[in-house]
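Below are the chains, spelled out letter by letter.
Protein chains: 2
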Amino acid sequence: MPLTFDLQHNDPQTSARAGVIHTDHGDIHTPIFMPVGTVGSVKGVQLRDLNDDINAEIILGNTYHLYLRPGTATLEAAGGLHKFNGFDRPMLTDSGGFQVFSLTGIRKLREEGCEFRSHIDGSKHFFSPERVMDIERSIGADIMMAFDECPPGTAPYDYARKSLQLTHNWLDRCINRFNETQPRYGYHQSLFPIVQGCTYRDLRIESAEFVASKNAEGNAIGGLAVGEPTDVMYEMIELVNGILPKDRPRYLMGVGTPANILEAISLGVDMFDCVMPTRNGRNAMLFTSEGTLNMRNSKWANDFSPIDPYGTSYVDQTYTRAYLHHLYKSQELLALQIGSIHNLAFYLWLVRQARAHIIAGDFRTWKEQMVPVLSRRL
Amino acid sequence: MPLTFDLQHNDPQTSARAGVIHTDHGDIHTPIFMPVGTVGSVKGVQLRDLNDDINAEIILGNTYHLYLRPGTATLEAAGGLHKFNGFDRPMLTDSGGFQVFSLTGIRKLREEGCEFRSHIDGSKHFFSPERVMDIERSIGADIMMAFDECPPGTAPYDYARKSLQLTHNWLDRCINRFNETQPRYGYHQSLFPIVQGCTYRDLRIESAEFVASKNAEGNAIGGLAVGEPTDVMYEMIELVNGILPKDRPRYLMGVGTPANILEAISLGVDMFDCVMPTRNGRNAMLFTSEGTLNMRNSKWANDFSPIDPYGTSYVDQTYTRAYLHHLYKSQELLALQIGSIHNLAFYLWLVRQARAHIIAGDFRTWKEQMVPVLSRRL
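Going down the list, the sequences are from chains A and B. Going by this note's numbering, the first sequence opens with residue 333, and the numbers climb by one from there. Going by this note's numbering, the second sequence opens with residue 333, and the numbers climb by one from there.
Read the hints as simulated data drawn from the structure, not as lab findings. Only a predicted model underlies this, so the values are computations on that prediction, with no experimental measurement involved. Treat the hints with care, since some could be wrong.
Any copy will do: because identical chains look the same in the list, a pair fits if it lies in one copy or spans two.
What the hints assert, rightly or not - Here are the simulated DSBU-like pairs of lysine-lysine, each with C-alpha atoms no more than 30 Å apart in a straight line:
id, residue 1, residue 2
1, 375, 631
2, 661, 440
3, 375, 546
4, 661, 415
Please build the complete structure, drawing on both the sequences and the hints.
This is how it looks when you write it as structure tokens:
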């Protein structure tokens with residue numbers, strides 16, 4: 333069945349919306365945060381914790397990483413990524429563009445596509461829009477992202493304009509290949525195009541209009557949170573969301589802090605992903621409903637209170653700040669696991685709260701109370 | 333309440349026994365394997381997995397590590413290790429001797445005790461029998477081990493004889509201090525003495541007799557599995573167990589492979605600990621009921637069968653060999669977690685099976701079938 337989006341509530345005071353995305357692997361309640369499962373595993377998190385404790389409704393896989401390891405032959409033999417990693421809820425794959433274009437010095441970009449060397453063994457590979465569509469078909473995520481060029485955040489106008497043209501050419505080639513091919517595993521796959529254009533208003537408008545004209549089942553905003561000031565990011569989101577169709581989900585790629593997410597929800601974004609909860613979790617930086625904690629700080633050494641008094645996850649109900657501090661100081665694996673689960677559960681709690689407040693009609697008031705609290709350093 | 337041991341079944345064909353150790357934190361069904369929780373955390377394992385999936389009945393903490401981090405002040409502030417790490421079943425602490433005597437070059441041994449430098453920050457510390465008893469009181473494990481010298485496995489006879497005298501002198505000092513002090517947290521603590529003597533029969537006999545004369549609530553055999561041939565280890569265990577009281581639990585320290593454990597059970601050992609299941613699990617070496625697997629081997633890349641078809645743990649029912657292989661190859665944290673949980677659950681399954689076969693009366697037959705299977709490389 334095609335991916336569909338029921339827009340259930342529009343916040344009267346902001347552009348925030350609450351909806352449900354229907355996929356062949358189940359429903360996704362928006363706004364939603366998608367934990368990143370780079371190689372098909374959300375780092376440090378057992379599948380049942382992801383399902384039952386974090387309550388992830390959709391996770392993200394990285395095409396670049398999955399293509400290199402385990403490779404499409406293994407993924408096809410398994411019957412797709414869902415069967416391979418055992419996660420039977422919706423999944424989304426990025427296109428590998430972001431990773432490939434981060435491989436500065438070991439990649440060559442041309443109109444046809446991009447040649448690059450594996451970060452693992454230096455072997456040569458070539459990604460074109462067609463190749464990436466084929467790989468994403470092999471992976472079998474419910475939502476496939478178009479292959480785009482991700483220019484650096486600091487790209488000058490001329491570079492950004494040429495890059496955008498390439499991204500748009502590639503989008504047409506992605507759509508053609510996508511339409512010529514079928515899902516491999518018996519369930520529907522969607523293709524989401526990506527709006528680029530750096531921080532140039534005219535390019536963002538042009539890109540949003542081009543993307544909107546494709547009438548895709550959902551649309552994404554890429555190339556933000558790459559170093560530009562936060563208010564510029566918000567300005568770009570607002571501009572693009574004014575153009576993207578209202579009746580399709582909007583996915584803001586790679587963003588961000590809890591405060592970023594609430595602001596972007598208020599600007600009409602429905603879907604988010606970011607490595608921050610897991611990466612920061614591994615690095616002892618925890619997000620809580622009262623602010624952020626650096627768990628390595630010795631002030632927690634004898635604090636026998638829960639990690640987050642309002643924490644919803646198993647780890648919040650099980651471990652104390654003192655114990656977790658000790659685990660980080662002792663470089664115990666368990667610290668990374670606890671931090672990752674806590675942070676992901678917090679992110680999922682936050683978007684559920686946002687959704688509840690949108691439905692209740694007091695989203696703006698709640699958001700304005702929350703943003704300064706979330707950014708506080710405890 | 334004092335620690336007591338109900339000896340329930342004696343295998344008629346071997347010296348294997350099945351029993352129950354009663355402690356203030358609950359019962360331990362023997363023979364039992366104790367997962368090692370070095371700094372108060374079993375590496376890579378969440379508390380609920382330890383409780384409900386691995387079914388650990390008792391875990392071990394390392395006095396040396398806990399003394400350095402988090403330190404006795406924090407442990408006392410928490411109300412003891414049980415409250416600190418949240419594990420409310422029985423725990424045992426070693427005496428730190430093994431770790432301190434491994435710090436060759438940064439420790440000085442004399443009759444009074446042993447001065448050493450922390451492996452963390454180089455700070456100077458002094459462990460004496462009295463000091464170690466005080467630390468183990470602060471930690472608050474149900475079973476405290478006596479402070480002993482652990483000579484190298486290759487120690488010549490003269491060194492071994494002197495070392496044993498020191499260990500015996502220290503045992504008397506441990507017992508005195510133990511008897512002069514009270515548990516800090518309202519439940520009983522036991523002190524287990526340790527038989528040493530390297531691989532010298534006369535020293536092992538002398539030590540076993542000396543230890544037996546102390547009438548402790550349980551007794552331990554130390555200084556084995558440190559490089560000697562396996563049959564010499566078994567010879568020493570048999571010799572010592574012929575002398576140690578039959579009505580008290582016997583703990584073989586730091587042993588070993590699944591086959592070692594079954595052989596030692598047949599020689600009358602009741603309790604085991606070893607880092608092997610967790611260390612090997614982190615290193616992609618899995619123990620199964622059909623033999624050992626090196627999960628990095630590319631032969632598993634497309635094997636979509638369970639890790640262990642007879643595996644009892646959640647991870648066996650959730651993940652395939654192909655997926656776990658991929659996680660190890662990709663150096664994912666989750667691989668270490670899955671490997672550790674699987675191996676620990678396997679060790680606990682193995683001792684439960686041993687116990688069931690002792691009770692059923694067919695332990696020897698079962699053990700003789702199992703030992704070659706367990707040692708097979710798949």
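Each hint tested on the structure:
{"no.": "1", "hint": "375 x 631", "result": "both (27 Å within a copy, 24 Å between copies)"}
{"no.": "2", "hint": "661 x 440", "result": "between (43 Å within a copy, 27 Å between copies)"}
{"no.": "3", "hint": "375 x 546", "result": "neither (35 Å within a copy, 50 Å between copies)"}
{"no.": "4", "hint": "661 x 415", "result": "between (37 Å within a copy, 19 Å between copies)"}
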